[in-house]
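Order-wise, the sequence lines are chains A and B.
So the first sequence is numbered by the numbering used here: it starts at 54 and just counts up by one.
So the second sequence is numbered by the numbering used here: it starts at 365 and just counts up by one.
What the hints contain is simulated information worked out from the structure, not anything from laboratory work.
These numbers come from a predicted model, not from an experiment.
Label-pair distances were calculated between CB atoms; the ranges are:
#1 A:Ala461 x B:Ser784: 31 to 41 Å
#2 A:Phe214 x B:Ala780: 26 to 36 Å
#3 B:Ser784 x A:Pro263: 14 to 24 Å
#4 B:Thr736 x A:Phe609: 33 to 43 Å
#5 A:Ala461 x B:Asp729: 46 to 56 Å
#6 A:Arg581 x B:Asp729: 35 to 45 Å
#7 A:Leu510 x B:Asp729: 43 to 53 Å
#8 A:Phe609 x B:Leu778: 15 to 25 Å
#9 B:Pro804 x A:Leu616: 32 to 42 Å
#10 A:Gly124 x B:Trp642: 22 to 32 Å
#11 B:Trp415 x A:Gly71: 20 to 30 Å
#12 B:Ala780 x A:Gly124: 15 to 25 Å
#13 A:Arg581 x B:Ser784: 32 to 42 Å
Here a beta-carbon is modelled for each residue, glycine too, at the ideal position from N, C-alpha and C.
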Amino acid sequence: MPSDLSSLVHWILFLPLGAAALSALFLRRAGALAAWFSTAVAFVIAGLALKLLTSATGDVTWHVELAKFGGVSLGFGYLIDANARLMLFVVSFVAAWIHLFSVGYMKEDPARGRFFAGLSIFMFSILGIVVADNLLMTFVYWELVGFSSYMLIAHYFDKDFAAAASKKAFITNRVGDLGFILGIAMCLSLYGTVDFAALKDHAAAAKTIPVAVGALLMCGFLGKSAQFPLHVWLTDAMAGPTPVSALIHAATMVAAGVYFMARVSFLLAPEVLHFIAISGAGMAALAGLCALAQTDIKKSLAYSTLAHLGIMGCALGLGHPELALMHMAMHAFFKATLFLGAGSVIHGCHHEQDMLKMGGLLKKMPLTAATFIAATLSNCAVPFLAGWYSKDAIIEAAYHGDHIAIFAFLALAALATCLYSGRMIRLVFLGEANSEEASHAHESPWTMTLPLVVLGLVYSVAGGFLAHAIIPAGSLKPIEHALGEVSFHLTAPSTIVGLLSLALGFCGALKFYGTVRGADALQVVSPRTYHLLEHRWMDGLYRWYVDSVQRRVSEFIAFLDLLLINGVAVRWIGGGVPAVLGYLSGRSFHRGQTRAYAFWIVLGSLFLAWFLIAR
Amino acid sequence: MDTFPASLLQLAITAPIIVGLILLAGRNLPRSFASGFAFGGFAIPAVLGPWLLVLWANPSTSPQQFVSEGFWGFGFALNGLGAPLLAMTSLIGLAAGVKALTQEVEGRNTYLGLILFMLGGTLGVFGTNHLVGFYFFHEFALIPTFILTLFWGGEGRRPAAMQMAIYLTAGAMASLAGILIAIDVSGVDIAGATFVKVADGLQNAQHIPAATGALVLFGLGTLASLFPFHSWAAPGYSAAPTPVSMLHAGALKKFGLYGIILLGLSSLDITGGSLGTWFLWFAVANVVLVGFICLAQRDLKQLLSWSSVAHMGPIFLGIWVCGVSGKADGLDAAAFLMVAHGLSCAALFLLANAVRARAGTYRLDELGGLATRTPVLAALFVAATMASIGLPGFGNFWGEVGVFLALRAQPLWLQAIVASTVVISAVYALRAVASTFFGPASEALEKRFASAPFGDLGWAERFAAFILLGASLTIGFVPSLVTKSVNPVAAGITTYSQHNAKAPVKAAPAAPVKR
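Okay, chain A solo, but in the shape it has when bound (with noise of 0.2 Å):
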């Protein structure tokens, strides 16, 4: 390979990490020189990103060994097939605009120095988990940007609520990461090597792999992409300001789960493949209905991302993960645009992020309402919009694949998807203002409003279409082979199901939340629905275990040890001891431990004395 566009990948990893090193550490105070600076070099990664993605076909490899313990050897490098060369364009531009978008966001934020050296240090992580070319070192990223998101989550950490989601989002991942770091221990036990060329060469090999390698190295994924059990993080999460939840809890991080096990696909057993496709859909549909149940904008859209994630899942389990990646792609630009449309709400109506509060904005914020429509259309898998691409081809191939529970739950998630659409553009956009905030609120200025048109309107809208005027036709390989293998028309069951739910449930959405005013009508017309939505179970479980199971065991093994060891072993046996040198030292010289000691080193010469002579 060209040794040029290895190159270019140092520049595109190593870019971001010079970033946010300079803004930590000199650019503390300069809020709007590290701002500008940040977004700078994000734009510059976007370019190079491009360029990548233009420039050649093949895979660019590049590797190098930092060091060897025994037998293993810790190796860092580059593996850019197609894939990553998709995902390293959508991460980076989206994050550029994002990055844009939070210079007239954060403008007024004492702490801009450290929130855009978050920006960058996530960048980096981000991008090293798209390039790494084996497992150990995508396990660096993953917990890198486990850190980074702790970090941004943490933004303002003089709250409590910010502090206790930075602490959750950081554990809950790590119990997923304790299940990576297992499986990346067997891969090694078995293949001998960690790198994932060898690692296919060695499955395509072997006829059968072992169900544990893919269930444990699928545990970082349900961790990283907040999937079932470990789902409970990503609404907390919402507590970072809302350019974060953007980037890294919609478009970009809890994607890197889904692009994981699509790199990785080669290790996954039929069961877990299985238990990843019924969970996913499950997850799809039961997440849609949730944010039914959500006040709070962003909950209410995070509640949506879980739902695109189990679909994505839902897409690797049925052995598309192309499909899954290419819903990645179009999720990550109008989701994206929501979140920063919810910000760009947010700050208009004066950081007041309760729906209810809201209505009306439609002609207060006509930019931002026209995006967040659009891309809602989008989400809602509108024909031809980006969304319909891959949600649609992802549902028709769970109907092709006979799998009818998984193809019945992704139909209600279509349906509920559409439900919360209709009641998020009713409570915000349509109707009356229902606060003083959202009957003052203004237009953002352009530096918000632009990466909303462009993400927004540009992408969303003709995503699919751009799609194949921008990429090159060797990088949408993936996408087309994806899109050939199911049937796609028009009048597919998928197609069918889309536009009943669009009817029904849209419209219908729009129609229902228009009955009450200033309160939900679900929780009007029947509380114990949409309490049963509201409650976070797992939440509860959790909870329960943390104070009931957790504190009590450690509080009584620390208990043990105080009596049993420390108290039977020092204060009885080794205080016996001391109590006869004390007493052979005699008691009256004040520091009899110093002179205990004193008496144990002369027992030792003695010992020593001995011993020298004796032989």
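Following the hints, position chain B against chain A.
Below, chain B alone, put in the same frame as chain A:
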């Protein structure tokens, strides 16, 4: 023999001791004079230590480098394991020294002199090839540790120093017995008993008393806080003055591990038979039981002290798995973790003390919201915490992950138990960060700030923290700095232990081994 680096090594070890002597003798030396001297004593090794590590480049020539026979009666030399540990100790020494220089204490010159003794002794431990020298230097460092804790320590210093003295003396005596038996069995004259010669001798020994391995493992294990001989550690570190905790928990404690590796693992078969089983379970207890004890802590310094005990677990397991698998990767990883843990642990003790200096307490329920007042302290504390829980970029990551990977051939449940440390340590460490720095400022803190406003981290503490975290980042990004010198040692020891396992009774002359 290359004499120049050998004299660098001599200088690195003797400089702090000589300066310490001057300060002890000149108790009434003017303050500025004493400070300048002391800084020199701390700084000289900090320059030479990393330099020697870089010079320690060509392991194929000899396993011992920079040898000076007969210096101080037993000779100095640097082996591949000692080289990174010496560099680490020298950096911790500088950080601890800078911290000590900023402290206002009674008998300042004596205080500084004793800390310099501690540093010199610890450097000596890793810079000698002689078993008697190794033991001598450990005692040389330990006695000042007791005295410093007893006279300059914080709350509960008397019982803590007492308990520490008993435990460590008992451990040292047991290990001394083990060492002496080993020397005797090896047939090497005690005057020339270097690690290499003793290990060679033990290879050819007809019979090694069964207790030897146990004495070495549990004796030295006590010094490295192996469960259940750990009770001294947490109160001891907590009560000690900060520079002492930094040096003790960070550097001096590694003495035990160093000895276990070079003597126990290489030639006493400590991982075989029932002794090996005990070793395994004790090490697992270090990870899990002590990990849970950490979860129950409500005091920042106690928590750091306990977590420093818990973090020994993976190191012990790396050593253990090297012995049972006959593969070097576990030992490489364990050695890496020894170095990295020293740096992160010292940084945490340093910064925790800075917290206390401002908030007036270590109690987590009384702390809170400090980050708004002291952003730099908060950032560095988060960085040090992340280092200690194995965030990539810092050295600890390679060590921890290396140990997990080295355990790959062991049963999955054992791997899972050991790897659970990534979750347990994250839980208690992040809880500590959140309750100290995040959230709204606690009432107590606001009151204190109103009555006596405090500033962010001063330049001296910043400098010290930057040295430690910078070193950890350096080996995190360039792990070969450590592995280059450790790899041949680990490979050599593996050859030994395989040799041991295959031929318990040595009839044939020992194969030439590379060490």
